Amino acid sequence: MTSTATTGHEKLTMAQALNRALRESMAADDSVVVFGEDVGALGGVFRITDGLTAEFGDTRCFDTPLAESGIVGMAVGMAMNGMRPVVEMQFDAFAYPAFEQITSHVAKMRNRTRGTVSLPMVIRIPYAGGIGGVEHHCDSSEAYYAHTPGLHVVTPANAADAHRLLRAAIASPDPVVFMEPKKLYWTKEEVDLGAELPGIGRAMIRREGTDATLIAYGPSVPVALEAAEVAAQEGRSLQVVDLRSIVPFDDETVCAAVRSTGRAVVVAEAPGFASVASEIVARVTERCFHSLAAPVRRAVGFDIPFPAPKLEHVQLPGVDRVLDAVDDLQWDLS
Amino acid sequence: MTRDLDLLLPSPHPVELIDPTGRTVAEATRELPDDAALLRAFAGLTTARRINDQASALARQGRLAVYPSSHGQEACQVAAAQVLTDDDWLFPTYRDTAAVVLRGVDVAEAFLPLQGAWHSGYDPHEHRTAPQATPLATQLLHAVGVAHAARLRGEPTVALALCGDGATSEGDFHEALNFAAVFRAPVVFLVQNNQYAISVPLARQSVAPSLAHKGIGYGVPGERVDGNDVAALLAVLGTAMARARAGEGPQLVEAHTYRMQPHTNADDSRRYRQDDEVAGWAERDPLARLETWLRQHDLLDDARLAAVTADADQLAARMRTELAGDATPEPAELFAHVYATPTPQLVEQAAVVADELSREDAHR
Ligand SMILES: Cc1ncc(C[n+]2csc(CCOP(=O)(O)OP(=O)(O)O)c2C)c(N)n1
Ligand SMILES: [Mg+2]
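From first to last, the protein sequence lines are chains A and B. Numbering-wise, the numbering used here puts 1242 at position 92 of the first sequence, and it's gapless, one number per residue. Numbering-wise, the numbering used here puts 240 at position 177 of the second sequence, and it's gapless, one number per residue.
Simulated from the structure, these hints should not be mistaken for laboratory data. If you're wondering where the values come from, they're calculated on a predicted model, not measured in any experiment. Do not take every clue at face value.
Restraint-style ranges between C-beta atoms, simulated for each label pair [unchecked claim]:
1) B:116 with A:1179: 20 to 26 Å
2) A:1346 with B:329: 35 to 41 Å
3) A:1254 with B:218: 36 to 42 Å
4) A:1254 with B:337: 39 to 45 Å
One-sided excerpt, in silico: chain A residues whose CB lies under 7 Å from chain B [claimed, not checked]:
5) 1191
6) 1216
7) 1282
8) 1284
9) 1285
10) 1293
11) 1296
12) 1409
13) 1410
14) 1411
15) 1461
A virtual CB, placed ideally from N, CA and C, is assigned to each residue, including glycine.
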């Protein structure tokens, strides 16, 4: 699969890359509609939908009344009737009123209609910490969705992936919960939007390394990369895997990576208990047990409500917590 | 029990007792509150305006993480606090910090969450004031619950629940009205219709004849009031509270007002509204209107005004010192209140944090 329309290198933030993906998808397919809270004139509180109403008109990108269950429920109906809705939840914690629609209908429609009704829709959710947000503005809610069979759960860690994966999500015949790490929205980088990148369901190696593998996704990928950089200066070679897609999960890439080093640490912001990180540890342990020199460790958030924002540095796994976990990988035994 | 539709219908125009020029409305449908109440309201308005100005300044300086100002909506803030007795409960939103302070909560505690604390600041029981709610409309059901429990326990409590125009679109708003009506709970819902939900104007939020009409379908009487006329608010809310206290059930009050400033200091309102619209509402300012009226009725002179202003200044000064933002919160506390007794895992995790932080300190 290649993404059409844009080629060539340019400097873009993740926010701009997402905006570009929406534009291209809307231009390519009239059935793509964007709606949610403040996505019209304001362009979304994070400006991801900036200019879409001006360019495509307010039947293609529009504000709804303030009701998340309404937004997702209406998207279900529109997707049942030939459209491809891309809806925005304003913040992670404000998607919860839509939880009923997401878990009972978005996730189950294909299955309960034995494949006759598909829901090609995308639910975009800005998520996780790192922006100094006050109460209720920084939840790591990915596990709720990942735990719900029927939903694809995707989370980019850079602008190129944001563009590539959002286009793929909109083109997908299945509903995709598209989780956007807020703290990466404004990171500018050189991207080639025409480059061929793996689609949904594939992880990527972000940094080669031989001593241990860091497995990360979304907001934790830059932390893992930074930790690998620090470790390199200390003489330890860490490999970094970026999941990109939580569901479907790329067992093949992740396990091959772990087998190549024999040690692994999972890095994630969410509270560790019953989390995506737990699932990764379980899968890797089940599949790579005989290649492992030490138990797989986690550098994750504590099991507390997100403490915004004065103490968020205490909650979020930083380089030190990652390297502590790496240090615990029983090096003296090998 | 079916209710007569006439009893549920809001008046065709918002109740107004003092007009925007500060004159008593001739054909007013309610009695004016007494002089003492209006003087108290004036002091409240002055304080609330100062709180807004000072908090906005602190947000600009980065002393507050964010501030959603209620500038222009102070009459609603003041009336909401003033109609409550010590038995009553207030259920405020993120925009209602002024009401919370006027209810008696210390500014140093009220502003903690906006400063970036991990918790909601004050002890809700102390002032019978729920934590300020950010997830929209969710607090309305809690108000119904508190009110219903009070009835079951034979307490004279009425719950006053605040929300915005946008929040009336959330499912919880509708469920709260219905529950309150079915259980005849002593709740008053005050919708501060400030014409916007962030960027979305009321016209795109609802095409109901008014937000107060939303009560009809649930059997909850609705009333509309000029939200910049504190006299009218005191009268309408006072009646609603009295009705609720007398066991006559919930009421929905829609206050017509205007959010004079951006949604928060982080918002750019030029993207969705015109300056002249804002200027038009400046002429309906709640503070100026009551000041004119009080002066015309010889209830306010320069000396009295100076005294009221001095009190407000003192509060602002306290905000500047208390909210200087130097206090470092204690990380260990993050693990103390998740459950009544921390789980074994949390005890372990607290130790991990202590270790991480001590090594960080050693680094410095
Ligand atoms: C459930 C939920 N969805 C979205 C938000 C984000 N949000 C915060 S304030 C706001 C607008 C609310 O408008 P309104 O109810 O009119 O109150 P106002 O801010 O104008 O006082 C929105 C969308 C939220 N806090 N909670
Ligand atoms: Mg509003």
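Check each numbered hint from earlier against the structure, then list the numbers of those it violates in ascending order.
-> 1, 10, 11, 12, 13 and 14
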